[in-house]
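Asks: Sequence:
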Amino acid sequence: MRQGLPLALTHMVQFLDQHGLSISGLFRISGKVKQYQELKKSFNDGAFPEFDMEDIHPLASLLKLFLRELPGGLIPESHGKQLLNVFRDSKEEERNQSMRMILNTLPEEHFNVLSYLLFFLSRVAAESQQNLMTPANLSIVFGPTIFHVPLRPTMLEEQEHYNTLTLHLLDNITHLLPNMYPQTSSSNTADEEVLTNEECVQHLAPTELKSKSPITGRLSQLKKRLRGFWRTICSCTNSSDTD
Numbered sequence: 522m523r524q525g526l527p528l529a530l531t532h533m534v535q536f537l538d539q540h541g542l543s544i545s546g547l548f549r550i551s552g553k554v555k556q557y558q559e560l561k562k563s564f565n566d567g568a569f570p571e572f573d574m575e576d577i578h579p580l581a582s583l584l585k586l587f588l589r590e591l592p593g594g595l596i597p598e599s600h601g602k603q604l605l606n607v608f609r610d611s612k613e614e615e616r617n618q619s620m621r622m623i624l625n626t627l628p629e630e631h632f633n634v635l636s637y638l639l640f641f642l643s644r645v646a647a648e649s650q651q652n653l654m655t656p657a658n659l660s661i662v663f664g665p666t667i668f669h670v671p672l673r674p675t676m677l678e679e680q681e682h683y684n685t686l687t688l689h690l691l692d693n694i695t696h697l698l699p700n701m702y703p704q705t706s707s708s709n710t711a712d713e714e715v716l717t718n719e720e721c722v723q724h725l726a727p728t729e730l731k732s733k734s735p736i737t738g739r740l741s742q743l744k745k746r747l748r749g750f751w752r753t754i755c756s757c758t759n760s761s762d763t764d
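Going by our numbering, the residue at position 99 of the sequence shown is 620; the numbering climbs one at a time, nothing skipped.
Simulated from the structure, these hints should not be mistaken for lab results.
Any given hint could be a false lead.
Below, in silico cross-link-like pairs of lysine-lysine (PhoX-like), each with a Cα-Cα straight-line distance of 20 Å or less [claimed, not checked]:
1) 585 - 553
2) 585 - 562
3) 585 - 555
4) 612 - 602
5) 561 - 585
Since the model is a prediction, treat every value here as computed from it, not as a measurement.
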């Protein structure tokens with residue numbers, strides 16, 4: 522059962538999770554432009570295409586685009602600044618608790634997508650000996666996707682800080698989102714037994730997802746302001762949808 526998650530997101534992630542974790546350079550190699558454009562057009566046309574192994578890299582690029590097109594970023598700028606301040610200034614023993622409190626104030630749909638994404642990326646990192654995508658490499662790739670830094674003279678320096686923050690999120694997922702993944706321990710997810718995406722979805726109960734109505738809410742309001750690709754790709758399932 523998928524509650525409060527964009528259907529296109531789970532459609533892409535599940536294929537990558539099942540077939541792409543061992544692929545070298547996942548999320549760093551863009552793939553063929555033609556395949557990427559065809560996949561994007563298919564989503565634009567309202568379809569959910571069947572993928573094959575040649576789609577791995579274009580699909581990974583499409584997933585990053587999906588996340589980048591969230592207005593204000595997956596983590597809004599105001600929340601990003603709070604997280605960065607806590608990350609830099611708080612005592613180590615208080616850091617994760619304070620960051621967890623900030624994450625819990627995210628708009629519910631953003632929280633759900635972020636949780637699902639971080640869990641998937643921990644799966645990618647767990648296979649880094651094959652795909653070469655360590656948590657550090659993933660933070661470089663996904664830092665700009667998760668946190669949008671406005672164009673200004675200090676942009677590069679700020680983005681580097683947010684990339685480091687992204688690495689902390691990946692390395693501390695079970696500390697920061699303890700209620701989402703009850704079968705994992707409190708240490709680094711990449712070094713522990715990791716739930717599958719299907720098990721992850723099963724654990725996303727309505728109270729944990731914070732979603733009162735998966736079809737309504739801020740994400741549904743946001744998608745009305747966007748065109749083409751994002752309008753289609755952001756469609757959410759209702760609470761009765763099953764795998």
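Asks: Please verify whether residue 561 and residue 585 have alpha carbons no more than 20 Å apart.
Replies: holds, 12 Å
Asks: Run the distance test for residue 612 versus residue 602: straight-line Cα separation, threshold 20 Å.
Replies: holds, 17 Å
Asks: Does residue 555 sit within 20 Å of residue 585, going by the straight-line distance between their CA atoms?
Replies: Holds: residue 585 and residue 555 sit about 17 Å apart, inside 20 Å.
Asks: Has the given pair, residue 585 with residue 553, been kept, meaning a C-alpha gap of at most 20 Å?
Replies: Answer holds: residue 585 to residue 553 is near 15 Å, not above 20 Å.
Asks: For the pair supplied as a hint, residue 585 and residue 562, is the alpha-carbon distance within the 20 Å limit?
Replies: holds, 16 Å
When each numbered hint is compared with the structure, no violation occurs for any of them.
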